[in-house]
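Engineer: Position chain B relative to chain A; hints supplied.
From first to last, the protein sequence lines stand for chains A and B. Quick note on numbering: this note's numbering labels position 38 of the first sequence as 38, and the sequence is numbered without any gaps. Position in the second sequence (from 1) plus 99 gives the number in this note's numbering.
Just so you know, the hints here were simulated from the structure itself, not pulled from any lab data. Since the model is a prediction, treat every value here as computed from it, not as a measurement. In this text, a Cβ means the ideal position worked out from N, Cα and C, and glycines have one as well. Misleading hints may appear alongside valid ones.
What the hints assert, rightly or not - Straight-line distance between alpha carbons at most 30 Å, and here's what the computed BS3-like set of lysine-lysine pairs gives:
(1) Lys-292(B) <-> Lys-19(A)
(2) Lys-292(B) <-> Lys-41(A)
(3) Lys-320(B) <-> Lys-156(B)
Stated by the list, open to error - Sample of chain A residues with no beta-carbon within 12 Å of chain B, all distances over it, derived:
(4) Glu-18
(5) Arg-83
(6) Gly-84
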Amino acid sequence: MAQLRYLSNVVTLALNAEKCVGCGLCLQVCPHQVFSLADGKARIDDRDACMECGACASNCPTEAIGVDAGVGCATGIIIGALRGTEPTCDCSKDSSCCA
Amino acid sequence: MDQLNENPSTCCAGSVSTPKTPRPAAPWVEGTVDTPIGPVPKVATDLRLADRIGSAKARWAIGRMHYTVHPGLYAIGEPTDESPVLVSANYKMSFDHLRSQLGGLNAWIMVLDTRGINVWCAAGKGTFGTDEIVSRIAAVRLAEVVSHRTLILPQLGAPGVSAHEVRRRSGFRVVYGPVRAKDLPAFLAAGMKASPEMRRVRFDFLDRVVLIPVELTMAAKYAVLIAAVFVVLAGFGPAGYSLALASSVGSRAAVLLLGTCLAAVTLTPALLPWLPGRAFSLKGAWIGLAIVFIAGGYAVYHPALFENRLAEAAWFLMIPAVASFLAMNFTGSSTYTSLSGVRREMRVAVPIQLICAVVGVVLWLAGRFF
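Only chain B is shown next, with the shape it has when bound in the complex:
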């Protein structure tokens, strides 16, 4: 996305200095809207293929740390000095979610510099926060663009924002809009009133499974690396090192390990409410035990799956440990786990996972030499 250099602009109010925020030339900018501070980019409210591809790529963790829009002021429709001001993060997916719900409306969007992070995560880190809001209001000269003094923030920005502080420091009062941008038209039509349901965060099936690609992409690096280590180590035997062993035993180890990772990363989100236990590590342990059960059953008919009893015992320990660990790491992507709760479950789960994994690896290595 190129940045256009600002040219001094004049408008009916006389000569004015240039707005401080750069005006990007992007496919989703449809033109400009004149304001007392100069032209403000007007953005489209319908998403194009490029936007959807961008979102899809971000869901697969492709380029998503650089999937941003320039912070600053943008226009939707033909806003006036009385149109509402909606605040967003500069993660392009957040920005797209917002503007795609505003068809037919007239509004301003003030995009904060959240370093390309979405609203809720940025709020937790403080980058979608009081300081950034106050300085951005000044940077875009919002007080000269609108005659009212109200900002509508996404509700999930609240952890980083102190509404009374924003008011005190900028003169703008904060109204918290709904959690989901799609409820904004109804919220605005009702006079900036939200129903209780608009203020509730859910974690439904689709909300959960849409996270699977990025979880897979992140886990894949470590999973493949560890599987490779197993393959290499599998070559060791009583007669020294054998590539044939590395290939036969190693490939089975890789299948067991990667299969466990795949199952844990996809089934934890998909089956979350139905997996027993409240702790995610426990839910993952159940997935691991199910895999052990299946592998054990398979081994009855295909004894070659486990090269010896030691290996069998080893995998029966390692598989639940790995599945439990991966499930536990899904807490960071969930919408309802507390820090205190995660700490408590980790205090119990991590030692157990470690012991099972270490004993399992030791048994498996021992099995290499028998």
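Next comes chain A alone, as it looks inside the complex:
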């Protein structure tokens, strides 16, 4: 099966190696194996595989990782734009997004 890749050079993922303590949590929580651990520090190996879910940033105990997390959902962006808010899937009612 062909590997699914999205757009290149677009994600907001950033890793501050100085703050990294090599705990490895980012590797554990990343759903697309963006990170690796080498010489006691984490590294971004595959930046373009990042989907900006934010799991790494929220679980980094030293805040070494930053990312503008959000859901990559066109419908959510449209709803947010129409309402003048941030992208929102608005799953509160009988709306479509979450399955």
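Structural biologist: Frame of chain A; chain B shown alone:
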């Protein structure tokens, strides 16, 4: 599902106050397990027909915003104070996925109130999150039920959870389990170790096509509405309004529009890796162009498909625009598109889709009067 009111219960440790979470009476509850805080419902690990029907209905968006289980503590097998604690969302499909993989094991399941949303979506919204975990631990009095201080979370809960924060506020340390519940037995047997493959999210063919019914159900409402508008507008002609025209021209318009919607919504998931381009809007445009090609070829032998040249040009613009738009909306159901990436593709795609659609509609309307 009815809620039983709590009765004060006593156990060997003396009188205790009632657990705060309600005990539901449901077909998948097999009894109770005694704990220092009172009886905890024990749930079955095999799914029954009703559970499978419920899941199937949810896949077709029937009642899925109310397909929930009560948050709280549940038992699998005969858990003790040393048994692992697995955390889940209160979307019943998530709960069923989890418990159906735990046959033969002894464990606790702590169900969070995620408003009936699945783990990954709820994590993204923050409802499967640090605050809910910390308060749920207190609500179910977990520290009195288990002697260890470890919680196993599904990996896809991670975007909403700060493991070190949970530890600091509750004393429980978070271990991230595998992405898929079916890997849990192996994960537990290996001493709570996950292989890299267990931590990877895929988006394989079956993962994608299982999403088609709900995408269809959601798109159908708008598609049928817009098709109806076309049918009504089709009645306009140089000689005024004609129902015969509405029926003949309108039905062709409806077929073209609904056919495009059906194709885009089913083929985008099914053929995703093979459709050219990385942007979903581009993949959809290719589907639209293929339909245009087929329709154009058909029209060579059945010229009546397009009532005039204007209509033909109109559909050649509208079909790719619609297909591209519908494909683009599949990004929200995919497992690998980033917000930044979707924004970038939309910045290019949406203006093009809008222009093609508007020009197409104008041409089609103009064609009504020639």
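Engineer: Evaluate each hint against the coordinates.
Structural biologist: Here is how each hint holds up against the structure:
1. Lys-292(B) <-> Lys-19(A): Given pair Lys-292(B), Lys-19(A) holds - Cα atoms ~26 Å apart, limit 30 Å.
2. Lys-292(B) <-> Lys-41(A): holds, 20 Å
3. Lys-320(B) <-> Lys-156(B): Holds, because 17 Å separates the two Cα atoms, which is no more than 30 Å.
4. Glu-18: Given a closest Cβ separation of 19 Å, the condition holds.
5. Arg-83: Holds, since 16 Å exceeds 12 Å.
6. Gly-84: holds, 16 Å
In summary, the structure agrees with every hint in the numbered list given earlier.
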